[in-house]
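S.K.: Single-letter residue listing:
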Amino acid sequence: MREILRAAFVIGRRDFTAIIFSKAFFFFLLGPLFPLVVALVAGSVGQEIQDDRDAPVIGILMDVQSSEKIITAREQLSKEMGENSFAEMKIIEPSDGIADPKSLLSNGEESYAAILSGTLDKPIFTGTEGSLLRLKGDMALLAGYANNQQVIILPQVQTEVVTSSANRLKDLRQATGQAGMVVLFMLTTLLAGMVLSNLVEEKSNKIIEILAASIPMDSVFIGKIFAMLVMAFVGILVWSTMAYIGLSIWGAGVPQLPTPAVGWPMFLILGVIYFSMSYLMLGSLFLGIGAMAATVREVQTLSMPATMLQMVVFFLAIFSAGKLGEPIEIFSSIFPFSSPLSMLSRAAQVDTLWHHGVAIIGQAFFAILVLRIGVIMFRRNVMKSGSGNKKKRGLMALFSKS
Amino acid sequence: MNAIEAQGLVKIFDGFRAVDSVNLSIPEGSIYGILGPNGAGKTTMLRTLLGIIDPDEGSRTLLGSDDPLTQSRNVGYLPEERGLYQSMKAVDTIAFMGALRGMGLNEGREKGRVLLEQTGLGHAADMQIKQLSKGMAQTVQLMGTIVHDPKLIVLDEPFSGLDALNQAKLERLIRAQAAKGVTVIFSTHVIAHAERLCERIAIVANGKISFDGLVETARDRLRPQVHLETEALDGPWRNALPEDIEAQGHWWHFELPESGVEPLLNALIDGKAGIKSLSIERPGLHDAFVAIAGEAVAAEMDDEIEAGELL
Numbered sequence: 136m137r138e139i140l141r142a143a144f145v146i147g148r149r150d151f152t153a154i155i156f157s158k159a160f161f162f163f164l165l166g167p168l169f170p171l172v173v174a175l176v177a178g179s180v181g182q183e184i185q186d187d188r189d190a191p192v193i194g195i196l197m198d199v200q201s202s203e204k205i206i207t208a209r210e211q212l213s214k215e216m217g218e219n220s221f222a223e224m225k226i227i228e229p230s231d232g233i234a235d236p237k238s239l240l241s242n243g244e245e246s247y248a249a250i251l252s253g254t255l256d257k258p259i260f261t262g263t264e265g266s267l268l269r270l271k272g273d274m275a276l277l278a279g280y281a282n283n284q285q286v287i288i289l290p291q292v293q294t295e296v297v298t299s300s301a302n303r304l305k306d307l308r309q310a311t312g313q314a315g316m317v318v319l320f321m322l323t324t325l326l327a328g329m330v331l332s333n334l335v336e337e338k339s340n341k342i343i344e345i346l347a348a349s350i351p352m353d354s355v356f357i358g359k360i361f362a363m364l365v366m367a368f369v370g371i372l373v374w375s376t377m378a379y380i381g382l383s384i385w386g387a388g389v390p391q392l393p394t395p396a397v398g399w400p401m402f403l404i405l406g407v408i409y410f411s412m413s414y415l416m417l418g419s420l421f422l423g424i425g426a427m428a429a430t431v432r433e434v435q436t437l438s439m440p441a442t443m444l445q446m447v448v449f450f451l452a453i454f455s456a457g458k459l460g461e462p463i464e465i466f467s468s469i470f471p472f473s474s475p476l477s478m479l480s481r482a483a484q485v486d487t488l489w490h491h492g493v494a495i496i497g498q499a500f501f502a503i504l505v506l507r508i509g510v511i512m513f514r515r516n517v518m519k520s521g522s523g524n525k526k527k528r529g530l531m532a533l534f535s536k537s
Numbered sequence: 350m351n352a353i354e355a356q357g358l359v360k361i362f363d364g365f366r367a368v369d370s371v372n373l374s375i376p377e378g379s380i381y382g383i384l385g386p387n388g389a390g391k392t393t394m395l396r397t398l399l400g401i402i403d404p405d406e407g408s409r410t411l412l413g414s415d416d417p418l419t420q421s422r423n424v425g426y427l428p429e430e431r432g433l434y435q436s437m438k439a440v441d442t443i444a445f446m447g448a449l450r451g452m453g454l455n456e457g458r459e460k461g462r463v464l465l466e467q468t469g470l471g472h473a474a475d476m477q478i479k480q481l482s483k484g485m486a487q488t489v490q491l492m493g494t495i496v497h498d499p500k501l502i503v504l505d506e507p508f509s510g511l512d513a514l515n516q517a518k519l520e521r522l523i524r525a526q527a528a529k530g531v532t533v534i535f536s537t538h539v540i541a542h543a544e545r546l547c548e549r550i551a552i553v554a555n556g557k558i559s560f561d562g563l564v565e566t567a568r569d570r571l572r573p574q575v576h577l578e579t580e581a582l583d584g585p586w587r588n589a590l591p592e593d594i595e596a597q598g599h600w601w602h603f604e605l606p607e608s609g610v611e612p613l614l615n616a617l618i619d620g621k622a623g624i625k626s627l628s629i630e631r632p633g634l635h636d637a638f639v640a641i642a643g644e645a646v647a648a649e650m651d652d653e654i655e656a657g658e659l660l
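Residue numbers (my numbering), protein chains in the order written: chain P, 136 to 537; chain B, 350 to 660.
Incorrect hints may appear among the rest.
[Unchecked claim] Derived BS3-like pairs (lysine-lysine); straight-line CA-CA distance at most 25 Å:
hint : chain 1 : residue 1 : chain 2 : residue 2
1    : P       : LYS214    : P       : LYS237
2    : P       : LYS341    : B       : LYS479
3    : P       : LYS214    : P       : LYS204
4    : P       : LYS341    : B       : LYS483
5    : B       : LYS438    : P       : LYS341
6    : P       : LYS257    : P       : LYS204
7    : P       : LYS225    : P       : LYS237
8    : B       : LYS518    : B       : LYS479
9    : P       : LYS158    : B       : LYS479
10   : P       : LYS204    : P       : LYS158
11   : B       : LYS500    : B       : LYS518
12   : P       : LYS158    : P       : LYS214
13   : P       : LYS271    : P       : LYS257
14   : B       : LYS529    : B       : LYS500
15   : B       : LYS438    : P       : LYS158
In short, the hints are calculated from the structure, not lab data. The structure displayed is predicted, hence computed values, not measured ones.
Let's have the full structure, built from the sequences with the hints guiding it.
M.R.: Here it is in structure tokens:
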């Protein structure tokens, strides 16, 4: 065991220094910037489209006095109910010529969402079914208030502020958990795939035979996977620092998420552990795939199912996050590949700690299992070995010397 | 004591017996050559002996251990397919290969510089592998193979890809290691290298070992060749020569009779053959190889050598 770890350290040190001092690492650090820029651009464009699209205007086709009363009522009620409580409203001047609401709505020149006509006592609201459903109550309130402005007096409501309510806290903690899951998933996906290309490179430059002749294959796998894990932490450290500096410079500050159930320090510790576990499991899986593949093309073909599995696992974890204690959430917490994600979500919502101890042990065991399978696959497929030694078949082979 | 022993070693790939019932004993401190054409099973045999792959049948011990990888610190291995990290410096490459075999990184660097100086590559110590010529990179890899002072060095086709000068350097290096008591095993399809370097050889064809023993023993399998020139073409002395031979002009070429040199000479002199010239030549390893492995295998190897020279 000591020799395995010593040799793993030699491999890990070589891989780590080779990656850190390569030009590729600089681009790797820039990696998250591209989706961020795309997301920002797409978000602002989407917001622009949304702003343009979601600004329905209600035309008021009443006599001048009633129309002005409606506008006044809207302004007054907006003060109490919020700026965006009512749709924008515009008085249709008689000079506009067309006095029929249906004709006005079909006229393309003015894009009214609906028309309020009739009188304040008997308002008529014309529009599409959706508009009517959404806005009918608003129109009734405005017309009623406009008609009885003198008699309806809104009482002054005294307000008392509390920091949170039980329901709100539950929702927010769930949001914290989901945010943690998304970060965990993105980091794992981004980094685990790199192990794959690393091993393929080793095979293509023929150095793998020297490694296989010198040290146990377990050491090669462990060294590689931990080198990438440390590199991942370097990346995360750089990205976190950059994000913190960036947010501070732009004045946005660090987003205030509600305190997770286990508290921030424990949540962060668990985050690091679950990231490591998720990364080790996925990395081992990718190494196993790399072990079976001889070329980059084969790698791409073979890694497709693993990528699909990742997506399924992510959606499972996200879906089950809000169903704490339900069978699907328990399954997601136990299933090795989704377990780190779901357990992190649990840490945000539930303060029990022993669940995490059990989960981490289970995940570690599974990571070792996947790693051993990867080693066996490698020796069978790449070094053209393993069909002998009949005494070490099946499960026993997983725990034998390599 | 034997550095390597194998008993009934078998390795099968997809039904093909790449190594077939191999028995092998390689004494410590010897230079041992494994001869055979490409595809004969030399590389698979070496990989199996070193523990890179497991045999399907049989057993092997390496430096006394039946788990060869546990002896990795005492072994240096140069695979046939040379592989190095292209962005690594030459001296770091040597140190890394030493570290794989348990050597400290700094110690490996220091020793790497010394080895590179000794081979005339001191100036290349801090150059990246991709900046070196193929021959220089191959030398760096060889230095990485011996940097940790192994007891056993295994070289798979070490001469391929080297020019004549570097081949001579490599031969000197192999002899120097053997002089220190290191066991050196190398595979080759060039008989001349084995003939110059080896005390013992194994001849491999189709995964099987046709011969395992001293080079002298292999040569002794063939009778010495007699080349005789006489003035007379006939006479009683002809009875001392094999019956079925015919003269090529006044020349006679035949195997030395089992009775030896003296009776032959007496018969020639007494029978008034008029000896103009007589030489007795011990057969070379190539002749022994042809006799042991067969004409077809020998021709295959000659073709490979020729193709290599053309390349």
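S.K.: Hint by hint, say whether it matches the structure.
M.R.: Hint check:
About 32 Å separates the Cα atoms of LYS214 (chain P) and LYS237 (chain P), which puts this hinted pair outside 25 Å; it is violated. Restraint check for LYS341 (chain P) and LYS479 (chain B): satisfied, since their Cα atoms lie roughly 15 Å apart, inside the 25 Å limit. Between LYS214 (chain P) and LYS204 (chain P), the direct Cα distance comes to roughly 16 Å. Compliance with the 25 Å bound is thereby established for this hinted pair. Straight-line distance between C-alpha atoms of LYS341 (chain P) and LYS483 (chain B) comes to about 15 Å, which keeps the hinted pair within the 25 Å bound.
With a C-alpha separation of about 17 Å, the suggested pairing of LYS438 (chain B) with LYS341 (chain P) holds against the 25 Å cut-off. At roughly 14 Å between alpha-carbon atoms, LYS257 (chain P) and LYS204 (chain P) fall within 25 Å of each other, so this suggested pair holds. A distance of roughly 16 Å separates the Cα atoms of LYS225 (chain P) and LYS237 (chain P); the hinted pair therefore holds under the 25 Å criterion. A distance of roughly 22 Å separates the Cα atoms of LYS518 (chain B) and LYS479 (chain B); the hinted pair therefore holds under the 25 Å criterion.
A hinted pair counts as satisfied when its Cα atoms are at most 25 Å apart, and LYS158 (chain P) with LYS479 (chain B) qualifies at roughly 16 Å. Restraint check for LYS204 (chain P) and LYS158 (chain P): not satisfied, since their Cα atoms lie roughly 69 Å apart, outside the 25 Å limit. For the proposed pair LYS500 (chain B) and LYS518 (chain B), the alpha carbon gap of about 20 Å is at most 25 Å, so the pair holds. At most 25 Å may separate the alpha-carbon atoms for a hinted pair to count; LYS158 (chain P) and LYS214 (chain P) exceed this at roughly 58 Å.
For the given pair, LYS271 (chain P) sits about 13 Å from LYS257 (chain P) by alpha-carbon distance, which is consistent with the 25 Å threshold. Between the alpha carbons of LYS529 (chain B) and LYS500 (chain B) the distance comes to roughly 9 Å, so the proposed pair stays at or under 25 Å and holds. With a C-alpha separation of about 16 Å, the suggested pairing of LYS438 (chain B) with LYS158 (chain P) holds against the 25 Å cut-off.
Of the numbered hints stated above, those contradicted by the structure are hints 1, 10 and 12, listed in ascending order.
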